[in-house]
Amino acid sequence: MQTFELNTTISNLRSLRETDLSAYDAVYLGNIYCRTFQENFLERLDDLREGIAHVKDRGLRAYVATYAAPRNDALPKVQKVLETAARAGADAIEVHNMGVLLMVHEQFPSLPVHVGGFANVYTDAGAAVLKEHGAVRFTPNYEISLDEVKAIADSVSLPAEILVHGKMPLGVSDSCFLLEYESKWAEKCPTVCQEDLFLRQGDWAIRPVGKGVLSGKDVCMLEHLPALVGAGYTMFRIEAAYETPAYRFNLAKIYRAAIERATQGDDTVDELAWHTVRQHTAVGLCNGFYFGRTGGEYVGSQGEMAEVRWTARG
Amino acid sequence: MILVTEPYFRQQDNFEPLVPGDLHGNPARADWPTALTPCSQVASSIAPGERRATLLAPAGCLDAAAQAFAAGADAVYVGLKGWSRGGARHELDREQLRTCLALAHKLRKKVQLALNIIPKPGERKRLLGELGELAAWGLSAVIVNDAGVLRGIRQELADLAITASVGCGALNAQDVRFYQDLGASAVVLPGYLEPAEVATIKAKSTIAVELMLHMVEEFVQLGRCWMPSYLHFAAAERAAQTTRLGGSVKRGGVGSCFRICQQPWALVRDGVEVDNRVLPSRQISRLAELGEFLAAGVDVIKIQGRSLTADMVGAITGRYRSALEAWECGGAAALMPAGLPPMWTVQGR
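Just so you know, the protein sequences line up as chains V and B, in that order. The letter at position 158 of the first sequence is residue 396 when you use my numbering, and the numbering goes up by one with no holes. The letter at position 247 of the second sequence is residue 254 when you use my numbering, and the numbering goes up by one with no holes.
Wrong hints could be hidden among the right ones.
With a straight-line cut-off of 30 Å between C-alpha atoms, the simulated DSBU-like cross-links for lysine-lysine are [to be verified]:
(1) V:K315 with B:K211
(2) V:K315 with B:K209
(3) B:K116 with B:K88
Simulated from the structure, these hints should not be mistaken for lab results. Remember, it's a predicted structure, so these values are computed and weren't measured experimentally.
Based on the sequences and whatever the hints tell you, model everything.
See below:
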């Protein structure tokens, strides 16, 4: 009997159609960083309707993301997204912005709210406020440890969703510096942010996505899944808004298998799974802040993958 | 190799005028005055008793508070040692806070207290207890950067004014309504918003709107950046030899922002280095649009920078006071300052 959810993020209809979702239970639709991201679900309501139907037709839950940092001019579109999501039967709205949270709470109280990572849930006190505004789950701020996440979840009785694989969000911006390169490169907005881009400084790398910054390394909790399952976590995300359909599918297969094993008390990790992880890691692995350490570090058997490597591409 | 340094202020002796222009790099308009018109030469357009905007200056030390008041600040905001994101070098201890309040009250001015870290659950009770005592000293408001902290203070101290810090991330009218409903008395907005946005926000809310009109806009928004702790969480913890949480400045990891965004990065495209750069940031000093923001209903003009020297606080505050007075006297829509000190760059906040 399944007791967990594995979900991912997809920014537009084309990428949704190209992704094999068979290893997932749910999908977040929409790009939270940029209104001009190529064919963003959050700007194309017909696509959003179709995307929700596409996901639900496959027996999965469809969640609709919302912008991380909308200014006033984006709110009318957010309003239409919420109306569309409600009419199309979306299963939840992901909220990062307090104003959007208020909109959902006041106008669409029947829509469950998933609090996103940019909502800055650091403590039980913050989580409690959001729960009172309709939150039914939360993604903690990425820089708190699993011990802290557990304490919040237990204190507030609000389940936490855990990013188990993918590039971790590190910040959101009001402007896009990649536009500076439009005159130099063939790629322009709205596709330039999807290029293979990293910012490198010595042994460090971060992934710029125009109006946001992600970790260069991929968070990888594959070998720590038994501990996560043992601690009671049941909702897991593969962060893939800027990744390929192959990334989503191949990693979901190994994570689903590993979570299923973990729920049965089997903590082994298939060696072939590590091969897949390496194939889809551009510069290395990390654990984020889950163990109370520097976000770019890796704890576990794959320590060598914590080093930034520039040769592999996936 | 990443350089991990304490936030610092780059000292320069010369004050040179900036190239006249607006926020977007456009040249100065012909109708901008090149100098401020003395109040005595213009009939006041503000009737007695009519609302005037408050000028709120930073004070990282007592001398800065004194200079801010002398230069025309209506209020200053200070950090309390151990509880603010300004860093230990730019915070006041309890006795200094008491002295600052005494000075302010003597001058009929006000002091806001920045408590803009996120206390651990175990620390929260201690903070609320201490705040109850401090509030009785005559604070005009406390500044917080977390919804949970805000509500906790509101529940415990019903009469204390609370400001939702710029670190709360409010950007739109619904955000301000959220913090208003939660019990905030004011919300701080970043200075890169436009006057029309502020007017919309004012029309849809009843609490005070503070605008950080003089600030550094970094690439990543205030309160939504944990790049430094992704690279050096341990360094952040070492810097925080207190009961604070480690991690980002937002969280309270004092000293943990080592300006990683302002150090050079190689931009690698398809595995090939194509550029070497820092992430974009800019100094926002929107004196030229002060009139438009005031007309939009801004209640408080806020100046960023508790790390500024006292002299700089005085100079910048004086500039804004002059502009406010000129607008109040003549209702001028745009005022071009004769010059702003260029040394207050991204290092100086």
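Proposed proximity, K88 (chain B) with K116 (chain B) (alpha carbon, max 30 Å): Within the cut-off at roughly 22 Å; holds.
Could you grab the alpha-carbon distance between K315 (chain V) and K209 (chain B) and see if it respects the 30 Å cut-off? Roughly 21 Å separates the two Cα atoms, so the pair holds.
For K315 (chain V) and K211 (chain B), compute the direct alpha-carbon distance and say whether it is at most 30 Å. It holds: about 18 Å lies between the C-alpha atoms, which stays within 30 Å.
When each numbered hint is compared with the structure, no violation occurs for any of them.
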